[in-house]
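Chains as they are written, first to last, in my numbering: chain A, 1 to 682; chain B, 1 to 294; chain C, 1 to 199.
Quick caveat, the hints were computed from the structure, so don't treat them as lab data. Only a predicted model underlies this, so the values are computations on that prediction, with no experimental measurement involved. Ideal placement from N, C-alpha and C gives every residue a C-beta, glycine not left out. It is possible that some hints are incorrect.
[Stated by the list, open to error] Restricting the straight-line Cα-Cα distance to at most 27 Å, the calculated cross-link-like pairs of lysine-lysine (BS3-like) are:
id : chain 1 : residue 1 : chain 2 : residue 2
1  : A       : K225      : C       : K56
2  : A       : K389      : B       : K77
3  : A       : K320      : B       : K283
4  : A       : K465      : A       : K581
5  : A       : K59       : C       : K56
6  : C       : K17       : B       : K283
7  : B       : K283      : A       : K675
8  : A       : K58       : A       : K385
9  : B       : K77       : A       : K320
10 : A       : K225      : C       : K19
11 : C       : K160      : A       : K59
12 : A       : K617      : A       : K225
13 : A       : K617      : C       : K171
14 : B       : K283      : A       : K385
15 : A       : K389      : B       : K283
16 : B       : K80       : A       : K320
17 : B       : K283      : A       : K465
18 : B       : K73       : A       : K389
[What the hints assert, rightly or not] A few chain C positions that, by computed beta-carbon distances, are all more than 10 Å from chain A:
id : residue
19 : N51
20 : K56
21 : A84
22 : Q92
23 : I192
Residue strings, one per chain:
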Amino acid sequence: MEQFILGRLTWDSLPHEWFTLGGTCAFVVILLGVAIFLTRVKRWKWLWMEWLTSTDPKKIGIMYIIIAFLMFLRGGLDVVMIWLQQTIGTSNAPGYLGATHGYLSADHFQQIFTAHGDIMVFFVTMGFLFGLINLIVPLQIGARDLAFPFLNSLGFWLYFAGVVLINMFFVLGGAFAATGWLAVAPLSELQFNPGVGVDYWIWSLQVSGLGTLVGGINFVVTILKMRAPGMSLMRMPMFTWASLMGMILVISIFPILAMTMILLTLDRYLGMHFFTLDNGGNAMMYWNLIWMWGHPEVYVLIIPVFGIYSEIVSTFAQKKIFGYTSLVVAVGGITLLSFSVWLHHFFTMGAGADVNSFFGIMTMWIAIPTGVQIINWLFTMFRGKIIFKSPIYWFFGFVSTFTFGGMAGLLMALPPVDFQVHNTLFLVAHFHTMIVGGALFGIFAGFTYWFPKVFGFKLNERLGKYAFWTWLVGFFLSFVPLYILGMMGAVRRMDTYSPSLGWQPLFTVSLIGACIIMVAVGLQILQVIVSIIQRRENRDLTGDPWNGRSLEWATSSPPPFYNFAVIPQVHSRDAFWEMKKSEENKQHPKGATSSERTGLREAAHSVVAYEDIELPKNTPMGIYLSGFIFLFGLAMVWHAWLFVIIGLVGAIWCVISRTFDENTEYVLTAAEVEKIEKKNKS
Amino acid sequence: MKTLSRIIIAIFILFDVYLIGKILLVDKNFQVLNPQGIIALQEKNVGLVALFLMFIVVIPVFIWALYVGTTYKEGNKWAKYAPDWDHNTKLQFFIWAFPISIVCILCVFNWVTAHKLDPSQAIASTNQTMTIQVVASRWKWIFIYPEQKIATVNLVEFPENTPIHFELSASDTPMNSFWIPQLGGQIYAMSGMATQTHLIADSIGTYRGENAEINGAGYAQMTFTAKSVTQNDFDTWVSSVKQSSNPVLDLTTFNKLAQPSQDNPIAYYSSTQDNLFTTIVTKYMAPGKGMERM
Amino acid sequence: MSKIIKHHTNHQEAITKDKTIFGFWVYLMTDLLMFGVLFASYAVLHGNIFNGPSGKEIFDLPFALTETIILLTSSFTAGLAIWAMRNNDKNQVLLWFGVTFLLGLSFLILELTEFHKLVTEGNSWQKSAFLSSYFSLVATHGLHITAGLFWMLITLIKVKSKGLTEGLSRKLTLISLFWHFLDIVWIFIFTIVYLMGAI
C-alpha cells in the first residue's frame, strides 16, 4: 500500500548531502522572503488576480522573463561549481568534503553539468525568448493578443511546472540525471541508471516541452492569422519574421523530442527495448532522434535573436534595414537547412565517409545565410548615423564573438577535424560562444531595447555599458582557455585529470572569467535596481524613446492592456516610421522634434472613432491544469502510482471543465476605451 | 573610465596574443596540434587549410565592421547619411556569392578529406598492418591481440611505423569514444557492434589515450597508455607477456574483468581464447545472427 | 468595467473559427510528426525480432482488415454527420456521430483483444525491439482513438442539451478532422505494419 502511495520515495531519499541541502535552504529562504513580503504589502490577491491568472501576453511575457532570470542564476551557480571542481580537482590533489578529488564526487559533478545544460537551454534561453516574443510580437503586428490566450497562460504554467520539477530534487531528494544534457542511450537506460535521476530529466522536460509546443502553435497561428490589415508577410518587422521561423522550427521538432522521451520512458517503465543493449534495442537510434530535435533546437535559440539584431541595427543606425528580402530568405534558409545537419553531432560513430561528408557539407551551407545576415547588417550601418547605446555594444560584441565560434563550428563540420575535437573542450567552447556570444548577448540587447516599452522608463545607460564590457572580458577569459584546452586533448565532462598535463592554469583562468561574469550579472541586476530608483528621471513619455520604426513604438509605454485602441492600417514596411513621416510631411515639411511627434499623434487620435473591444478574461485554469500535470510528472518520477492517477484524472477533469466554460471573454466598451486613452495622454 | 576600459582591453589583447603564441610554439602538451602519427598530422592540416579559407571571408568582414562602426558613428560630420538606401541588387548578389564561393570550395575539400581520412581507410605503408582489438568496459580498456594471442588492460603497445588496424567494441557499457590525441581521431566503441579505425605512430614514444564519451561515474578515470616501440622491442615484449605467469583471458575471466571497476592498473594476459572478440560483440545478438560491422 | 456576453458578433465568430481550425491543423501536423517518430523507429526495429516472433508469425491479416473496414466506415459516417451539421439537422448529427462512436469503440475492443492474445501467448512488448515498436505504434493510435471517442461523447452530450450552437459546430468540425486524421494514420499502420509485415 505504501508503495502505491509513495512509490520509491523513502526517508533515505530526502536531501542529506551538504550542497543539496544548501540548495534546499536557499529555496526555502527565497520563498519565505517572497511570501513575507507579499503578506506585508497585502498583495496576494493582487498577484493572483492581476498576474498569475492573466491571459495578457504582456504579463505572461514578464513572468517568463522573471522565471528565466531566476533559473539563469541557478545555471550560473552550476557553472562556478563546475569550474571550481575542474580547477582544484586534479588527480594528485586531496579530496574535500567527502570527494576523492576536488570537492565533488564524480557522480555529483556529472549531475551538475547535466542540470546546467538543461536549465540554460530549456528554461533560461527558451524562457527569455518566449517572454520577449509574447511581449513584442503582438504589438509589432498590430494585434491585441495571441490567437489562443488561454493556451498562452497554459504554456507558461507548464513551463513553470517544468522549472519546479527540475528543482524538485532539492525538496524530495534523490538525484538528477548524470548523463549529460541529452541523457543519451544506452547510458540513460535502466541498466546503467536505474535511479530517479533520468526520470526527473524526462518528466521536467516533457512537461515544459508540452508548454513549448503549445506556445509554438500559438505564435505561428498568431503571426499568420492576426496581423493588422495591410501588413502582408513582406511588410512584417524582422523580429516577427525571425520569431515565425523560430516557432515553425519549434512545432516541427518538439514532437520529435516528446516522442523520443516517451520511447525512453517506455523502456524504463514498461521494460520495452527501443534503446536497450539487449533484446534488439538500438541505442544509435536514440542519438539520431535526439539530435534531429537537438540541432534545430539550437537554431530555435538563435533565429529570433537574429531578428532582435535586425531591429536594433536598423533603429540605432537610423536607417532602413538593408536587404530585407535577403534577410528573410537567409532566416528561412537557416530554418530549412537546420533539419539536414544532425549527424554532425556524432561523426565519430563510424557512419562512413559518404554519410559523414554529406552532413558536413550541409552544415557548412548554414554558414552562408548567417554570413549574409551579418554583412547585410553592416551594410545597414553603412551610411547610417549610428547611435552608440548599449544595444549596439551588444551587437558588436556578438559580431566579434559569434564569428570566431562560427569558424570553430565550420572546422568541426570537417569530419577529419571533428575526429580530433569531438567531445573536447573545443566543442564546449564553440557552442558556448554561439549561445552566449550569439543568443544571450542578443537577449540582453533586446532586453535593454524594449525595456522602456514594457515598463515605461529606460534602463541606466552607464551601468549597461559597464555590464557589457565586464561580460565581454569575462566571456573571453572563460572561453578562450577552453578552445586551447581542447587543442591540448582535454575532453569534456571530466571531474579529474592529471596535473602533469598542464591543464590546471587554463582552468584557473576560466574560473576567474566565470567570476568576472558573475560580477557582470551583478552589474546587470544593479542596473535594473538603479533604474527602478531613477525611473522618474528616465520616464518614457512618448512611447517612442529610440525613434523606432515598427508598430510597438506607436503605443504608450507601457501599452494599455488592449495594446491598440484602434487597430492600425499598415501601408508599408517599417509601418510606424512611415506613419511618422507621412504625418510630418503633411504638417511640417522639414523634420519634426519629439514633442512635435507626440503632438501629431495626439492630433491624430482626437479624430479617431473608438469601438468595443473583446478581450479574454483571466483564468486560473492554466494553473490548475499545469498543477495536475506537475503532480503526474512528479509522481511518475517516484513511481507513486496513486498520485499518478490523481494527476491524470485531475488534468482530464480540468480540460473537460474548461471546455464547458462559456464565459471566457468580456467586452470593453468604446466609452471605456476612450476614457483610458484620454487618461494615458495626460 | 574610458582610460580604464582601454587598459582592460589592452591587457586582454596581450593575454590573447600570449596564449596564441603559446599554441604556435607548439608546447608538447598541445597534443592535437603536436601529432606523432600521419593520421593526426593530416587531420591537423585539414583544419589549418580550412581555417585559412575561412579567414578569406572573415577578415574582410571584420575590417568592414570596424570601418562601418567607426566611420558612421553619429556625430561624424563628414560621413554621408542615406537613411532610405535599403537595397541594391548587384551588391546583394555579391553578398551571397562571396560566402557561397568560399563555402563551395570548403565543401569539395570536405568531401575529399572525409573520404581520404575515413577511419576505415587502410594506411599505405611498407610495413604490414597489425590488428588489435579494443574492448571498452566500465571503466577500463581491454586490448586483445588476435595475431599474437595476448591481451592487456589499459596499455596498448605496438611497433613504430606500422599501420595498426583497430577493431573496437564494448562490453556491457554505454558508448565510449576511443582517442589517442597524438595519433589520430576518435572512433566510438559500442556494445553489440564493431567499429574500426587505422592509426600509425611515426616514431617511438608514449602517448596518452582517453575516453571522450561519458559512460558513468568512472568516466574520467578511463585513460590508457599507448606506446610505440621498435619492432625488436615489440617482439621481446610480446614474448615476455606470453611466457610469464600472467593469467589466461578466456570468457569467464573476461566477464569477471568486465565488471565495473575504476583505476585499473596495467595488466597482462598470456593468452586469449579464440574468437573472444567476436563472442563479445555478438553477445547481444539473437543466436544465429552474424556480427554487424561498421 | 465590463459586461459579460454570451454570444459573439458574426465577424468575431468568423475570425475565431478561422484561427481555431487553422490552429488545429497545425496541431495535427505536430501529431503527425509524433507518429512519424514511431513509424521511423518501427522501420529501424522491425527486423530486430531477437528470440521472439516476426510480424509474419503474429499478424492476422483478415483481423486487421476487419479493423480497417470498421475504421474507414466510421470516417464515412463522421462525414455524414458533418453534412447533417451543415444542414443544421441536430438529430441526424447525433445519429451519425453516435454510429461513428460505436464503430470506433468496436475498433478499440478488437484491438484490445489482439493485444490480449499476444500478451497471454508471451509475446508482450518486453520480448523484443520489434514487439516494443509494434505495440507502441499501434497503442499510441489506439490511445488517440480513445481520446477522440471521449471527446465525441462529451461534445454530443452538450449538443443534445444545447443544440447546434456556433461553438459546438466548430468543435464537431475539429472532432471530425481529428477522426479523419486518425483514419489516415491507420491506413499507414495497416500498410506498413500489417501488409508489409505479412509479406
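Taking the hints in turn, this is what the structure says about them:
1. A:K225 - C:K56: 48 Å, violated
2. A:K389 - B:K77: 19 Å, holds
3. A:K320 - B:K283: Status violated; Cα separation ~65 Å.
4. A:K465 - A:K581: 32 Å, violated
5. A:K59 - C:K56: 57 Å, violated
6. C:K17 - B:K283: With Cα atoms ~58 Å apart, K17 of chain C and K283 of chain B exceed 27 Å; violated.
7. B:K283 - A:K675: 78 Å, violated
8. A:K58 - A:K385: 32 Å, violated
9. B:K77 - A:K320: Between K77 of chain B and K320 of chain A the Cα gap is close to 20 Å, so the pair holds against 27 Å.
10. A:K225 - C:K19: Holds, at roughly 6 Å.
11. C:K160 - A:K59: 39 Å, violated
12. A:K617 - A:K225: Cα-Cα ~21 Å, so holds.
13. A:K617 - C:K171: 21 Å, holds
14. B:K283 - A:K385: Given pair K283 of chain B, K385 of chain A is violated - Cα atoms ~70 Å apart, limit 27 Å.
15. A:K389 - B:K283: 64 Å, violated
16. B:K80 - A:K320: 15 Å, holds
17. B:K283 - A:K465: 61 Å, violated
18. B:K73 - A:K389: Holds: K73 of chain B and K389 of chain A sit about 11 Å apart, inside 27 Å.
19. N51: Per Cβ check, N51 of chain C is inside 10 Å of chain A; nearest 8 Å; violated.
20. K56: K56 of chain C is indeed farther than 10 Å from all Cβ atoms of chain A, at 16 Å.
21. A84: Per Cβ check, A84 of chain C is outside 10 Å of chain A; nearest 22 Å; holds.
22. Q92: 23 Å, holds
23. I192: Given a closest Cβ separation of 17 Å, the condition holds.
Hints 1, 3, 4, 5, 6, 7, 8, 11, 14, 15, 17 and 19 from the earlier list are contradicted by this structure; the remaining hints agree with it.
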